[in-house]
Structures are given as C-alpha cells and as structure tokens.
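**Student:** Listed here are the chains, written in short residue letters.
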Amino acid sequence: MSGGFAQRAREALGNQQLHIALDRTTAQLVVRRAAGLASLEDADRVRDRARASKMQLLHTLADSLRAFEARLVENGARVHWAETAADANRIIVEIATKAGVRRVAKSKSMASEETHVNGAFERAGIGVVETDLGEYIVQLAGDRPSHIIMPIVHMTREQVGRVMAQRLAVPYSDDTQTLARYARAQLREEFLQADMGLTGANFGVVENGAICLVTNEGNARMVTTLPRVYVVLMGIEKLVPTMADLDRFLKLLARSATGQKLTAYTTLVRGPRRSGDDSGPDQMHVVLLDNGRSKILAGETAEILGCIRCGACLNACPVYRSVGGHAYGDVYPGPVGSIVTPGIRGLAPFAELPSASSLCGACREVCPVRLDIPRMLLALRHEAVEHTRQPAALRMGLKLFARVASRPRLYRAATAVVRRVLRSRARDGWIRRAPGMASGWTRFRDLKAPAAETFETAWRRRAAGRTS
Amino acid sequence: MSGARDAILGRVERAVRTGRIPSAPPHDRDEDGGTRADGDARRGAPDSARLQERFVLEARALGVETYVEPTAAAVCDRLRTLIAGLRVLAWNPDGLPYDCGSIVDGALLGSSPRADQARAEVGITACHGAIAETGSLALVAGPGCSPTVSLLPPFHVALVRPEDLHERFIDFVTARADALAQSSNCTFVTGPSRTADIELSLTIGVHGPGRVAIVIGP
Amino acid sequence: MMDRKLTAILASGAERLVSCDLGCLLHLEGGLRRRGAAIKVQHLAELVDEALE
Numbered sequence: 001m002s003g004g005f006a007q008r009a010r011e012a013l014g015n016q017q018l019h020i021a022l023d024r025t026t027a028q029l030v031v032r033r034a035a036g037l038a039s040l041e042d043a044d045r046v047r048d049r050a051r052a053s054k055m056q057l058l059h060t061l062a063d064s065l066r067a068f069e070a071r072l073v074e075n076g077a078r079v080h081w082a083e084t085a086a087d088a089n090r091i092i093v094e095i096a097t098k099a100g101v102r103r104v105a106k107s108k109s110m111a112s113e114e115t116h117v118n119g120a121f122e123r124a125g126i127g128v129v130e131t132d133l134g135e136y137i138v139q140l141a142g143d144r145p146s147h148i149i150m151p152i153v154h155m156t157r158e159q160v161g162r163v164m165a166q167r168l169a170v171p172y173s174d175d176t177q178t179l180a181r182y183a184r185a186q187l188r189e190e191f192l193q194a195d196m197g198l199t200g201a202n203f204g205v206v207e208n209g210a211i212c213l214v215t216n217e218g219n220a221r222m223v224t225t226l227p228r229v230y231v232v233l234m235g236i237e238k239l240v241p242t243m244a245d246l247d248r249f250l251k252l253l254a255r256s257a258t259g260q261k262l263t264a265y266t267t268l269v270r271g272p273r274r275s276g277d278d279s280g281p282d283q284m285h286v287v288l289l290d291n292g293r294s295k296i297l298a299g300e301t302a303e304i305l306g307c308i309r310c311g312a313c314l315n316a317c318p319v320y321r322s323v324g325g326h327a328y329g330d331v332y333p334g335p336v337g338s339i340v341t342p343g344i345r346g347l348a349p350f351a352e353l354p355s356a357s358s359l360c361g362a363c364r365e366v367c368p369v370r371l372d373i374p375r376m377l378l379a380l381r382h383e384a385v386e387h388t389r390q391p392a393a394l395r396m397g398l399k400l401f402a403r404v405a406s407r408p409r410l411y412r413a414a415t416a417v418v419r420r421v422l423r424s425r426a427r428d429g430w431i432r433r434a435p436g437m438a439s440g441w442t443r444f445r446d447l448k449a450p451a452a453e454t455f456e457t458a459w460r461r462r463a464a465g466r467t468s
Numbered sequence: 001m002s003g004a005r006d007a008i009l010g011r012v013e014r015a016v017r018t019g020r021i022p023s024a025p026p027h028d029r030d031e032d033g034g035t036r037a038d039g040d041a042r043r044g045a046p047d048s049a050r051l052q053e054r055f056v057l058e059a060r061a062l063g064v065e066t067y068v069e070p071t072a073a074a075v076c077d078r079l080r081t082l083i084a085g086l087r088v089l090a091w092n093p094d095g096l097p098y099d100c101g102s103i104v105d106g107a108l109l110g111s112s113p114r115a116d117q118a119r120a121e122v123g124i125t126a127c128h129g130a131i132a133e134t135g136s137l138a139l140v141a142g143p144g145c146s147p148t149v150s151l152l153p154p155f156h157v158a159l160v161r162p163e164d165l166h167e168r169f170i171d172f173v174t175a176r177a178d179a180l181a182q183s184s185n186c187t188f189v190t191g192p193s194r195t196a197d198i199e200l201s202l203t204i205g206v207h208g209p210g211r212v213a214i215v216i217g218p
Numbered sequence: 001m002m003d004r005k006l007t008a009i010l011a012s013g014a015e016r017l018v019s020c021d022l023g024c025l026l027h028l029e030g031g032l033r034r035r036g037a038a039i040k041v042q043h044l045a046e047l048v049d050e051a052l053e
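Residue numbers (our numbering), protein chains in the order written: chain V, 1 to 468; chain E, 1 to 218; chain Y, 1 to 53.
Isolated chain V (complex conformation) (with noise of 0.2 Å):
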C-alpha cells in the first residue's frame, strides 16, 4: 500500500475503466436498494426496530457472549477466543493442524480478510481456496476485493475473462454464464476435496447458537457440509438476540445489498453432524474475535459495531463512487470503512479516511440499521486533529485562527483586510486566482469576491432604518 489515501484517490480518478465499472453497478445497486425496501411492509419500522435490537445488544454485548457461548457449547460446537488477528489465525492454523487438513475451501468472510489469514494458511503448508465467485477471481488475479459484497466490482467482464483464460488454461470469454461455469467447475472439485470448511457468519443468534449465512451462489452451504472440520471466524458484535431479530434484518440485508426479498441460500449451523446424518462436520469450532472491536465499543464511534455489512453506504456514497475501495487502503472501503478501519487498525495511518467524506449523509440515509456515519466521521476528525501529528502549516494556521476569530475586534479587522485583498482581485465579483491559502480553491472553481458590507454591518444599517 502505497502513499495515502488522497494519492490513491488521485490514481482511481484517473482510471477511465474503473469509472465505467463503478457507474455501471452502484447506480443499479442504489435502484434495487431503493425497490427492494419498497417491497418491506412497514419499512420505517423494521429500520427502527432492527437498531434498536443492535444497540441494546451492544448495551449488553458481555452477557450475549457468555450466553451465545453456552449455547454454542450445547449445539457441539467447540469455542475460541481471539484477542488479535494474529492470535485468530494462530488458533485456525492450530485446528486445521491437528485435524491433519490440507486444503481449506473458504467462503466470503470479511473477518478473515480482515485477520488475512490465507497467508497464515499458506505459510504453514495448507492449501486454501476461495468459493465466491468474486473472491476466486480475486484470489487468482493476486488481487484485492473493493467491495464489501461485490469483491471485483472495479473489474470489467474482460477483465475477468482474461485472468481467468491465464490462470485456468481455459479459452478466453467474456460471457458471463461461461465465466461462471469456468469457476463451477474448478470449485466443484475443491468442495469435495477439502478437508476444512472456513466462513465468518452473518449472524450469530444469541438465544439458540445458531449461525446464520446468506449467500446467492451456494458456495457457504458447500463449505459447511462437505469438509469434515468446519470452522466460523466472526467478529464478537456479529449477534443478534433473537429469531425474530434474525427474521427483520435477513430482510433488511438482503434489500439493501441487492434489492433481493431474501439472499438465495439462509443457512442456519447449529452445531456438528448429528448422530444419523449422512453429511456434515465432524467437528465445528467458532473463533470469536475481538481485534480492536472492544476498543471501538469504549469511545465514540460503537455504534459502528451494529454495522451488518451490506455495502449499501458505498453505493451511495459520491466519494466511493468516484474513487472505488481500493483507494480505501484496507479490507473494509467505503464511509463504514472509514470508521471501521481507523478502529481495528489504529487512526494514525488512517487519519485521512474520516475526511474522505462531503458529510453529504447519504450513508445515514440508506443506512438498513440507522447508523448515524456523518457523526462518526465528524467524531474521527476531531479525534484526528487532537492526537495525531498534523503538519505544522495547519497546527499553526488553526491556533492563530482560534486566536482571532475568539477576540471579535481582531477577527472584525482581520475579516476586513482579507476582503479588501480579495475584492481587489475580483472582477465582475468572481476571482479567477486565488491568493495564498484560497489558490486551491480556484484550481477547480470561481471563488466569488466578498460583498462590499458584511453581513453583520448590513443587518445593523437596516436595524437602525427600521427603528427610526
């Protein structure tokens, strides 16, 4: 990852193929989202209840725990606790050790992209793929998913078509139903050779231990009944307390990431293979991960932990959809990225990704679960400027500016100076070039001069007209 994110945002917005990727999906995504909830009786309301049951959750996040554990623990499940993501990957690779597995079939997790372990698989000898069909070309291209559900969504069908013919020795197409067998096939084989299973969960329900995925392709119900060692990795705010929680934000997820009534496949695992099953998991382990989640829930921004990553906030945002994920420069892009991953990976190397913003709101508007992003941002940005190195020009110029807008005669005379300055700029009341620190507003745009009063002298004068 190189340079920050306004470098990155620089490169994106000049990648012409890259635009016509982003324009063609997330304008449709907004659409469906948008006839999607139409189709939800009482919308408003299941929005409303569904926060309301994420929020006290967190309220109580501990006892959930202890309770959605217990309740793992009876179903046959075997339970870990991850403090890091390198601690996670450690016990994964630990289980897949002992079980003796050799190849691991994946499916879609945001967790584990976050923890990276299909590196830690790799370096310990043990083979693992993806099985979404988004994350397969990922993998194959030795690229990196910009989307929370659509992975490649800043590749075209050519694009595809090419990685594909190189990396599985098959005749080049664009056709996407021929791409999709392509992947069918290959796939076929590592489901029914692998040994391990590994997905995140979509839900983890507290009353009854079970773990909800939602995929359209099949490839999580693959993963969870074809290997013999089946492992979850999830983080510990994925839960929800009841079936009938479950229930409203399966509808929820489904309409604001696709448009969908409900994703094609809703598996719910509770637990191993029972006695009398012809398939199944021998064994099933459900990693609970922390890596950073704790923190974020002690300070400002918690409220980004009743995220259910449906992207619907990239595809409104006019940020990603001028830039893509990539320029995010982690797992998770997007305004919920820029929350997120100043959280989990520390806001120092991240402190420019709350200002990858307009506050425009669209986020909190489309938002299945409310989630107010714009004040979290706000709230990042302070944090930003308080605790992490900002250059010196700007530290000086705020103080200084701090000074005289806090002493009314100063910033009056001050005002009046930096008007006449600009004034005599001016012509037809526009400026063309900007001086000092207003030139880069005139890179891209007019500034329009100052008025010849303030508004503060004009409202006097007509005060004092009106009352004499």
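Just so you know, these hints were derived from the structure itself, not from any lab.
Each computed DSSO-like pair below joins lysine-lysine, with the alpha-carbon atoms no more than 27 Å apart:
| # | chain 1 | residue 1 | chain 2 | residue 2 |
| --- | --- | --- | --- | --- |
| 1 | V | Lys448 | Y | Lys5 |
| 2 | V | Lys448 | Y | Lys40 |
| 3 | Y | Lys5 | Y | Lys40 |
These numbers come from a predicted model, not from an experiment.
Assemble the complex: chain V is given as a structure, and chains E and Y must be docked to it using the hints.
**Tutor:** Quick look at chains E and Y alone, frame taken from chain V:
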C-alpha cells in the same frame, strides 16, 4: 485460552461504560422480549389458498418452475416427466410424500459415496416448510434428508404439501422450533443459485442448482 | 464529484439552482462560472424573498 476469553469479556464490560452507544427508544423495542414479529396485530391467519397463491407468485418471480397438481397421481406423473432420463439423487424414499417413493427406487441417496452423488443430474426432496412471502423452501438436515441432495445436482425438484406452507420465516421458525433444535443445519432455498459478481449481470447456477422446480400436491 | 453534479444540473435544463447550504452554493456557483454557464444560483431565502416582493 480462558485468558483471552476473560480479557475480551472484561474489556467489553468496561467499554460499554464509556462507549457512545445510542439508547434505543422504548417503543422500538419488542414489548415481549423479541418473540413477536412486526405487524402481527393487524393480521389474521391467511387462508391456505391465499398462502399457496402467494408462494407460487413469489417462487415464479425468482425463476422457479412451479406446478400445482390436483391429485397424488398427478404429482407422481409430473415428477416422472421432470426426471425422465436423468440420474437421480434423492432423500430417502419413505420421506417423500404422495407415495412418490417408488419412482425414485434405485436412486442415489445421501448415504451413497460423495463422488457418485456429485454426478447426479437431479436431486429430489420434500420440504419441512415453504415460506409464502419469499417463495422459499425450508430444508432441515436429518436422517434421510441430506443437504447434498438439494445442493450438488444442477437441477432440484421439491415436493410441497399445502400443510407445509407458512406465511413468514418467523411463522415457520416458531411452528417447527423442535425440528430446528434437533438438526445441525437448516437451509432456506429461495430460487436457483445465482451471482451478479461480474458487472452485476445475473448468472444462474454457480455452485448450487441452476434449475429449481416445485411440485405442489393436494 | 463537482463535475458530475454540474453536468447533471446543466443537462436538466434548469434555469435556477437553489440550495440552503452556503458551502454548496459557493462551490457549485464557482464551478458553473468556471464553465461559463449562465444558470442562476440562489439561496432558498433569496428565492423566498424574491417571491414575496
């Protein structure tokens, strides 16, 4: 690793004291602790004809072939036609309704070798529930009911009885809570396997069946 | 982002652009001027004021 467990739970407990977690307005909470679903109050139980109509409508919208047959014999005939000439994988025959068991005599079963199951061309199942509002089939794994049957072949045929129908997900989950508690895996199938990963263009039959047919009997 | 908005605004054929956010107004009017577009840009209060007179 009880060290990690205690450390995480301790941090979480301390975190909620300082974290800014919006509190939920009481009217947004479930009065009864969450068992009630939305909009229950104004709703009576819809009659079975309307449930079936809705189910068929939703399933068709997903690209599922649906057949409504008046008699058990007609269901069997339909099934024979659908699977003619195909290599069959099925739930155990005594678990299939409408005396269809004999039709799948000699078929591969969930207990057959994996490699053989993987070569089947059609999978035949009943269902434990059918959800009208989403057009979904609920399939609960158990003896004789292997999830591989509805997953590995490219074509899935499901037999549905009118008494399997429920209006909503939560209705099914409540009504069949016992069956769910005894199973390690329950899957809701809502249309054929699909993806839109490449340029959002809809592609059918990625890992699961690309073709799904539902036969509803009397 | 500004370019995208301006293109959409101009394509709409509107005669006026009205907003209640001063930052947005300054930003978009500056961009429109740079493009040499003649569309009138107003604050909501200006529009109301004009209508009342």
